[in-house]
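**Q** What follows is the residue order along each chain.
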Amino acid sequence: MYLLAIDWFFILEKFLLIGLIVTLSMVVAMYATYGERKVAAWLQDRIGPNRAGPFGILQPLADGGKLFFKEEIIPLISSKFLFILGPCLAMITALLTSAVIPWSTPLHLFDKDIPLQVADINIGILYIFGVVSLGVYGIMIGGWASNNKFSLLAAVRGASQMVSYELPMGLALIAVLMLAGDLRMSVIVNNQIEHYWHIVYQPIGFIIFFVCALAECNRTPFDLPEAENELNFGYHQEYSSMKLGFYLFAEYINMFISGVVMSTLYFGGYDIPFVNEANWDINQNLLAIIGFAVLLAKAFFFVFVFMWIRWTIPRFRYDQLMKLGWRTLIPLALLNMVLTAAIVLWFKK
Amino acid sequence: MALFGAMMVITSKNPVYSVLWLILTFFAISGHYILLNAQFLAVVNIIVYAGAIMVLFLFVIMLMNLNQTIEPKKNRWLKFAGAISGGCLLLVLVAALRNTEIKSQTAMVNTGDIGLIKNLGKELFSTYVVPFEISSILFLSAMVGAVVIGKKDS
Chain A
1 MYLLAIDWFF ILEKFLLIGL IVTLSMVVAM YATYGERKVA AWLQDRIGPN RAGPFGILQP
61 LADGGKLFFK EEIIPLISSK FLFILGPCLA MITALLTSAV IPWSTPLHLF DKDIPLQVAD
121 INIGILYIFG VVSLGVYGIM IGGWASNNKF SLLAAVRGAS QMVSYELPMG LALIAVLMLA
181 GDLRMSVIVN NQIEHYWHIV YQPIGFIIFF VCALAECNRT PFDLPEAENE LNFGYHQEYS
241 SMKLGFYLFA EYINMFISGV VMSTLYFGGY DIPFVNEANW DINQNLLAII GFAVLLAKAF
301 FFVFVFMWIR WTIPRFRYDQ LMKLGWRTLI PLALLNMVLT AAIVLWFKK
Chain B
1 MALFGAMMVI TSKNPVYSVL WLILTFFAIS GHYILLNAQF LAVVNIIVYA GAIMVLFLFV
61 IMLMNLNQTI EPKKNRWLKF AGAISGGCLL LVLVAALRNT EIKSQTAMVN TGDIGLIKNL
121 GKELFSTYVV PFEISSILFL SAMVGAVVIG KKDS
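If you're matching them up, the sequences are chains A and B in order.
Everything in the first sequence is counted per the working numbering, starting at 1 for the first residue and increasing by one.
Everything in the second sequence is counted per the working numbering, starting at 1 for the first residue and increasing by one.
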């Protein structure tokens, strides 16, 4: 379908894919809230939500409905535009990251190979990194526009935490990039399918990346921006109704996406473990769907670990947080990077 | 959009809005980089400037709480000097840009992928190795300087 020298089919395909992925991350985030409460209940020997629907399965819908119908309050002396912009930014940056993730092997429909990746740009992972670094603004703008000193303090805490944990994250990433030899996400995954998963070569790098991902998502033990007992409620204290919902929702989307990114970078993406699926004699579409399910399973496992950690480990103190970031993780990541570089160079000779 | 953002940076009354407009300007500049097929530059621009440096700017401004514009009365001569120095900068820029050969530049861009990461890396570490290393030393010295100033009080 070519019209005005534009491949309309291509555009349609990408639009569908984007819509599908955004919906998927929304639904996953919605049920992650349910999962979080169930996991919390399980760890604390309770039952958890069980009223709405069988096993409380409709609980997220009920929560969403409640948030929509609550009264919306915008503080009078706050700057209104920025106050609304804050949660929007948090949501947008959370959803943007999914664009470069390769979700599975290409589908074969209508005599065409449709890659299940929105954009395979040649800076893939750097793009994710860039968008993550923008996630700070949602918190900062929201916290400042609330015109409340607790919110402002929480925003400053959150922003400085995110900025300082981006550094070790980037350093841990560089080691992975040296192994894969490319920044493109699809090449990184293919490299793992051909050889071993990167977790085998990069256990330290993975641990660093994992800790940083926890910090970037503002999850316990790094949830200082939301420390209730010191800051009332954190940066979203003045927010109510669905704008508060957006902030909380963005956190769950971030969690899901970081789970996907971790499984893509270190756990082979859509690669099915222990088998060589290229030898299977089955339909390409079926294979793609299985690969997608495998990726989701890996991501869900990480989301579960996030929750597990949240309900097990208490919060850090702020100076401990900074000390961990700057004095432990960055030197460790640097060491890891130099070692990886030396080893890669050694084996290439 | 870049020009509009830049205009808003200097006309905004509230410094926080100024910084936010500046961030928008950086985004527009990144858009230009992408149009020139320099994706790496575009993303690095966002990560470094919009993602890190401007956040620190925002910190300082938000914590200083400059909401009430208590602007000190400016000396008229100071304004005059500012205008002159700004004009000088404009003159230098115009003089420098006037003689560039735009045609050959666009031709080089059109051949494609000078801004892609592989070519960029090769260029940086072969043709431009010395300036690259010197600039990194400059950064190192700036970092050491910052640490020294920070340690002075304690």
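Just so you know, the hints here were simulated from the structure itself, not pulled from any lab data.
One or more of the hints may lead you astray.
Stated by the list, open to error - In silico DMTMM-like pairs for lysine to aspartate or glutamate, Cα to Cα no more than 20 Å straight-line:
id, chain 1, residue 1, chain 2, residue 2
1, B, K118, A, D182
2, B, K118, A, D63
3, A, K38, A, D63
4, A, K66, A, D45
5, B, K151, A, D319
6, B, K122, A, D182
Because the structure is a prediction, the values reported are computed rather than measured.
**Q** B/K122 and A/D182: Cα distance at most 20 Å?
**A** holds (14 Å)
**Q** With the threshold set at 20 Å, check whether the alpha-carbon distance from A/K38 to A/D63 stays at or below it.
**A** Holds, because 15 Å separates the two Cα atoms, which is no more than 20 Å.
**Q** Does B/K118 pair with A/D63 here, judged by a C-alpha cut-off of 20 Å?
**A** Cα-Cα ~49 Å, so violated.
**Q** Check the hint pairing A/K66 with A/D45 against an upper bound of 20 Å on the C-alpha distance.
**A** violated (27 Å)
**Q** Is it true that the CA of B/K151 sits at most 20 Å from the CA of A/D319?
**A** Distance ~18 Å between B/K151 and A/D319 Cα, so the pair holds.
**Q** Does B/K118 pair with A/D182 here, judged by a C-alpha cut-off of 20 Å?
**A** Judged against 20 Å, a Cα distance of about 9 Å means the pair holds.
Consistency note: the structure conflicts with the earlier hints numbered 2 and 4.
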